[in-house]
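Protein chains in written order, with the numbering used here: chain A, 1 to 215; chain B, 216 to 476.
Check each hint, because a few of them may be wrong.
Pairs of lysine to any residue residues, derived as SDA-like cross-links and limited to a Cα-Cα distance of at most 25 angstroms, are as follows [stated by the list, open to error]:
id	chain 1	residue 1	chain 2	residue 2
1	B	Lys-224	B	Asp-432
2	B	Lys-341	A	Phe-125
3	B	Lys-341	A	Pro-135
4	B	Lys-335	A	Val-153
5	B	Lys-408	B	Arg-431
6	B	Lys-408	B	Met-427
In short, the hints are calculated from the structure, not lab data.
In this text, all values refer to a predicted model and were calculated from it rather than measured experimentally.
Letter by letter, the chains look like this.
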Amino acid sequence: MNVMINSLPFLWQGLLVTLQVSAIVVVAAFVLGISLGVGLSFGPRWVAWPIRIYSDLIRGLPLLVLIFSVYYMLPLTGVNVTSFWAAIFALAAFQSAHVAEVTRGAVQSIPPGQHEAGKAIGLTFGQRMIYVVFPQALRRFLPPWINTVVSTVQGSALVSLVGIVDLMLAIQQVIGRTFKPMPMYILGALIYFAINYALSLISRTLEARFAYVRE
Amino acid sequence: MSVSEPLVKVRGVTKAFGSNNVLNGVDLDVPRGSVVSIIGASGSGKTTLLRCVNLLESYDSGSIEVDGVEVGYDIADGRRRPRGERDLARIRADIGMVFQMFNLFPHLTATENVMLGLRKVRGMAKAEARATAEQWLVRVGLGDKLASLPIEMSGGQQQRVGIARAVAMNPKVLLLDEITSALDPELVGEVLKVVRELARDGMTMMLVTHEMSFARDVSSRVVFMDGGRVAVEGTPREVFGAPAQSERLRGFLARIELREV
Chain A
1 MNVMINSLPF LWQGLLVTLQ VSAIVVVAAF VLGISLGVGL SFGPRWVAWP
51 IRIYSDLIRG LPLLVLIFSV YYMLPLTGVN VTSFWAAIFA LAAFQSAHVA
101 EVTRGAVQSI PPGQHEAGKA IGLTFGQRMI YVVFPQALRR FLPPWINTVV
151 STVQGSALVS LVGIVDLMLA IQQVIGRTFK PMPMYILGAL IYFAINYALS
201 LISRTLEARF AYVRE
Chain B
216 MSVSEPLVKV RGVTKAFGSN NVLNGVDLDV PRGSVVSIIG ASGSGKTTLL
266 RCVNLLESYD SGSIEVDGVE VGYDIADGRR RPRGERDLAR IRADIGMVFQ
316 MFNLFPHLTA TENVMLGLRK VRGMAKAEAR ATAEQWLVRV GLGDKLASLP
366 IEMSGGQQQR VGIARAVAMN PKVLLLDEIT SALDPELVGE VLKVVRELAR
416 DGMTMMLVTH EMSFARDVSS RVVFMDGGRV AVEGTPREVF GAPAQSERLR
466 GFLARIELRE V
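Construct the entire structure; sequences and hints are all you get.
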C-alpha cells in the first residue's frame, strides 16, 4: 500500500504524458479521419481508392509494428523527429484509419433523399455535409468513435516501448526500483480503467442527447 | 431574353442508365406561369426527366435550359463541360423541388427546414429567414406546427412543409415529383389544395403525377410520355378528351381509371 502511495507523484507525471499523447492523437485522428471518411464515401474514384488502400493497410498492421516502423524508418527518410512525435504520428495514422471507417459507416447511413433535398435548395457539398449529413450521422458516429478514443488511450501504453515515460513506463520504472509488480500493475490497471470508463459514460450520455428519433 | 421564350426549354434530351435508355430525345417547353403535368406509365421516363431539370440526374445529350441557362453544362470553346459544384448549387437554388418521400431534414423543425436554404443559400439574416419561413408555413396551413419535428407530423403536413421549403426560396420553377403518391388517400386533398393555390398565383410548375383528375384540373398543358419520349402533348382537354390520337395513351388512361374507381 505504501509503495502505491509513495509512487503517486511519479505516476502522476506519467499519467499527464499518457493524457497528452492521447489528446493529441484523438484530435489529429478526428480531423484526419473525418476527412478521409468523407473522401472514402463521396469522393471520385481517384480519391476514394487511395484512401481505401491506406485504411485497409494501416488497420491490418499491429499498432506496435506501426510504432516501431515509424520510429526506425522516419529517420531513414531524412525526417528527424523526437520519439514523442514519432509515436504520435504512428498512433494518429492508426486511429485516423479507424475514424475514417467510423465516419464512412455513419455518413452512408443517411438516405440519398437527404442529399437530394439539400441539393434541391442549392446547398453546396460542404454545406450539405455540415448542415444535413453530419448532424444526422452524429448519433451513429459517436459510439464507435468513443471506442476509438478508448483504444487510443489503451494503445498509448505502447509508446513506453520507444522510451517515452508515460503512465505505463512510469509504472515499470517504479517496479524496477521496488520489485513489487503486483500492487503497481493493479494500480495502473485501475487508472487506465477509470479513464476509459469515464469515456464510455460520456459516450452513453451523448448518444442519448443526440438520438433524433426517426424510425 | 424575351418574355415569350419558355422558362424551361428541353431539347433532344437523352439519358441511359447502363444499357437502359430511359430518355430518348425529349422535347418540351414550359412557358412562364404555366403548369405542365407529365403523365405516363412507370418506366416511361417522366420522373427521370423531372430530375434532369435540376440535375439530380445528369443527361447524356441534348439541352435543358431554365431561364436561358443550360442546366447541366457550361459551354467553353464550343465544348460542353459538366458544371462544377458551386455553379450547380447556384442554379439549383432557383429551381424548387418537392419529393415523393418529402425528404424533410428530420433533425430540424418545420421552420428550420424552411430556413436552412434561406440562411445558407440566400444569405438572409436569421430573423428575416425565420419570418419568411413562418409566413410560408402559415400559408400552407401549418401555423400551429412551426416548432414541430417531421416525426411529429402527418404525411400531408410533412409534404406541405416540403412545398414551403421549396417555394420560400422563390424559385423560377417548381418541380413536383409524385408528391401525393406516398400519402394516405385522405391526406392527398390538403396537399393538392396548396398546389392549386400556387398555380393560381402564377408559379411555373412541372409536375409528375398519377392524379389524373388533378392534372386535368390544374394544368395548362399535359404531356404523356411513353418509351422515353413525349408521345402526346396538349391542353388537358385535348389529352384527356380526345384520346383517339394515341393507342398507348388510351390504354394508359383506361388502366388508370380502373384503378381510380
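Status of each hint after checking the structure:
1. Distance hint between Lys-224 (chain B) and Asp-432 (chain B) is fulfilled; the C-alpha atoms sit about 23 angstroms from each other, no more than 25 angstroms.
2. Simply put, Lys-341 (chain B) and Phe-125 (chain A) have alpha-carbon atoms about 22 angstroms apart, close enough for the 25 angstroms limit, and the pair holds.
3. At most 25 angstroms may separate the alpha-carbon atoms for a hinted pair to count; Lys-341 (chain B) and Pro-135 (chain A) meet this at roughly 19 angstroms.
4. Restraint check: the Cα-Cα separation between Lys-335 (chain B) and Val-153 (chain A) comes to about 39 angstroms, which exceeds 25 angstroms; the hinted pair is violated.
5. Under the criterion of a C-alpha separation no larger than 25 angstroms, the hint pairing Lys-408 (chain B) with Arg-431 (chain B) is consistent with the structure, at around 14 angstroms.
6. Using a Cα cut-off of 25 angstroms, the hinted pair Lys-408 (chain B) and Met-427 (chain B) holds, with the two alpha carbons roughly 15 angstroms apart.
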